[in-house]
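Novice: The lines below spell out each chain.
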Amino acid sequence: MRRETQRLILLLLPAGIFFTGFFLIPMADLFMIGGSGKTGWAAYAAILTDRNYFNSLISTLAVAAATTVATLIISGISGVFLQRHKFPGNAALVAMLTFPLAFPGVVIGFMVIMLAGRQGLIGQITQAVTGEKVVFAYSMAGLFMGYVYFSVPRTILTVMAAAEKLDPKLEEAARSLGASPLRVVRDVIIPGLKPAFISAGAICFATAVGAFGTAFTLATRINVLPMVIYTEFTLSANIAMAAALSFVLGAVTWIVLALARTAAGSTVAAAG
Amino acid sequence: MKNRWLFTLQLGFTLIVCAFLIVPVILSILAGLTVNYLVGLESGLTLRWVFEVWDGYRDTIFLSIGLSLACLAVTLVIGIPTAYVLAKRQTALGRVIEEMLVMPVAVPGLATALALIVTYGSLSGFRTSWAFILVGHVLFTLPFMVRSVLAVLSAIDLKTLEEGAASLGAGFIDRFRHIVLPNCRAGILAGSLMVVTLSMGEFNMTWLLHTPFTKTLPVGLADAYASLRLEIGSAYTLVFFLMIVPLLLALQAFAQPRLKKFVAEDDAT
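Protein sequences, first through last, are from chains P and U. Just so it is clear: in the first sequence, position 127 is 127 by the numbering used here, and no numbers are missing. Just so it is clear: in the second sequence, position 178 is 178 by the numbering used here, and no numbers are missing.
Please keep in mind that the hints were generated in silico from the structure rather than gathered at the bench. Be aware that one or more of the hints could be misleading.
To be verified - If you only want the chain U side, here are some residues facing chain P, beta carbon under 8 Å, derived:
hint	residue
1	Ser28
2	Leu38
3	Pro81
4	Lys88
5	Leu101
6	Gly109
7	Leu139
8	Phe172
9	Gly201
10	Phe213
11	Ala222
12	Leu238
13	Leu248
The C-beta atom is built at its ideal place from N, Cα and C for all residues, glycine as well.
Just chain P, same shape as in the assembly:
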């Protein structure tokens, strides 16, 4: 038994050394450097006290919240629908909806440009119809669109898996007792999908808060925290501030995911 424990520790060692050396120690360093700038440890409060940083924080949280709500509504409707109704072409639709699953943020940004950019489809259509070209890719609206694009595929998979486990008898019972479709959705389906909504929503939110590639592709002027951190680090060479802000950002996403995990009681991790 003793020997087995020793062996297990030995097996854990490579990952342990790697993780300590390349994650725990660097993160501790980052935390210390965050407090080593001109303002000292006050840098950690700057996200709340400095008007510019605070504004970016608010717009980051707002676009992440909007993304989460939109993604959950879209994936909820389509996910439950595709799980409930097996019609010819169903598998093809699921395949298309999950196709962008592994696109990196930069590619997502490019997809938004293809739709809403200067040479984009929406611009062409609106110009043909109204004579005025609608272009919104390079703004917060474009970023929102990109994050929804990114989040829908993975959220739909989660919703479909959860909808499979819902008991259709409950809905039948509700219906036979005279509940309208709307009430069935509100009182039976949504409560049944709640754990899936919480965990998928948290992933959505955390990814939108921390993502960088999409904003980077669309425009460097978009005022969200990851862009601010990047600008502080590269253009202003204000490493202490960048460190403090990214440590706070990391803590926020980690806490959101941890809270969701306790609430949903299942495993939750962000991706991509």
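Use these hints to put chain U onto chain P, whose structure you have.
Specialist: Showing chain U alone in chain P's frame:
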């Protein structure tokens, strides 16, 4: 009657969502193959842009392939033993370790990259080599390998199998090679595909970790989007799709629920 109407409404909505996701992909593929996107398909189809990408960004493609394979090798070597230990010891400490390993996925890549730079940025030999990017990719993909293998190992009755083999005289190395590894093959395969796919597309960290000599495919994409004409960006995206789609298809094919073998009665629930 009312149900029919509701069905059509939901189907219509789902089709719109599908169009939202797929139309830009099709537009981008077409743009990568047309002579002039602004003029449209009438300007003719060409492979010129794809060749230009090949000439200008070939290195990024090879670097990304090499990086993802190196990343796979490292996650296999350090990830499988970790999953084995976590499967053997499903204790509070085990869960804490698993929780910690997932942190690089929960924390934004930007923060992890900055942390690596402040700690190791001054080691210039390391900073400028592709190994620096590899470290970031391993941190980010390791949890996927560990979880995927752990899921399979937790589903089988590892203890009985190992005890059986041990009672027949098999030492640890033999048991690991002939019992553990063959049994978690499906998990290793799914995890491997995930690791390679994620490493191939990783941008958030890589953008800060790369140097002009270590540009990966997504870094090259960001470059091309920012500075070159739409057609070249599209052709480059097309190349990326060609690399990532086979991986995704394989992932979907192998992620099917596996046949349960050797599951003890009481664990079958």
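Novice: Go through the hint on Leu139(U) and say holds or violated, using the shortest Cβ distance to chain P against 8 Å.
Specialist: holds, 6 Å
Novice: Does Gly109(U) meet its interface restraint, that is, does its C-beta lie within less than 8 Å of any C-beta in chain P?
Specialist: holds, 7 Å
Novice: Against chain P, is Leu101(U) within 8 Å by beta-carbon distance?
Specialist: holds, 7 Å
Novice: Return the status of the interface hint for Leu38(U): holds when the least beta-carbon distance to chain P is below 8 Å, violated otherwise.
Specialist: holds, 6 Å
Novice: Given Leu238(U) as an interface hint, is the shortest Cβ-Cβ distance to chain P below 8 Å?
Specialist: Status violated, d = 11 Å.
Novice: Does Ala222(U) pass the interface check with chain P, least Cβ-Cβ distance below 8 Å?
Specialist: With Cβ-Cβ at 5 Å, under 8 Å, it holds.
Novice: Less than 8 Å between beta-carbons is the criterion; does Gly201(U) satisfy it with respect to chain P?
Specialist: At about 4 Å, which falls below the 8 Å cut-off, the nearest Cβ of chain P leaves the hint on Gly201(U) intact, so it holds.
Novice: May I ask you to test the interface hint for Lys88(U) with respect to chain P, counting a Cβ-Cβ separation under 8 Å as satisfied?
Specialist: holds, 6 Å
Novice: Going by Cβ atoms only, is Phe172(U) closer than 8 Å to chain P?
Specialist: holds, 6 Å
Novice: Does the CB of Leu248(U) sit less than 8 Å away from some CB of chain P?
Specialist: With a closest approach of 6 Å, the Leu248(U) hint holds.
Novice: Interface hint check: Ser28(U), Cβ to nearest Cβ on chain P, cutoff 8 Å. Holds or violated?
Specialist: holds, 5 Å
Novice: Does Pro81(U) pass the interface hint, meaning its C-beta sits closer than 8 Å to a C-beta of chain P?
Specialist: Status holds, d = 4 Å.
The structure fails to meet hints 10 and 12 from the earlier list, while all remaining hints are met.
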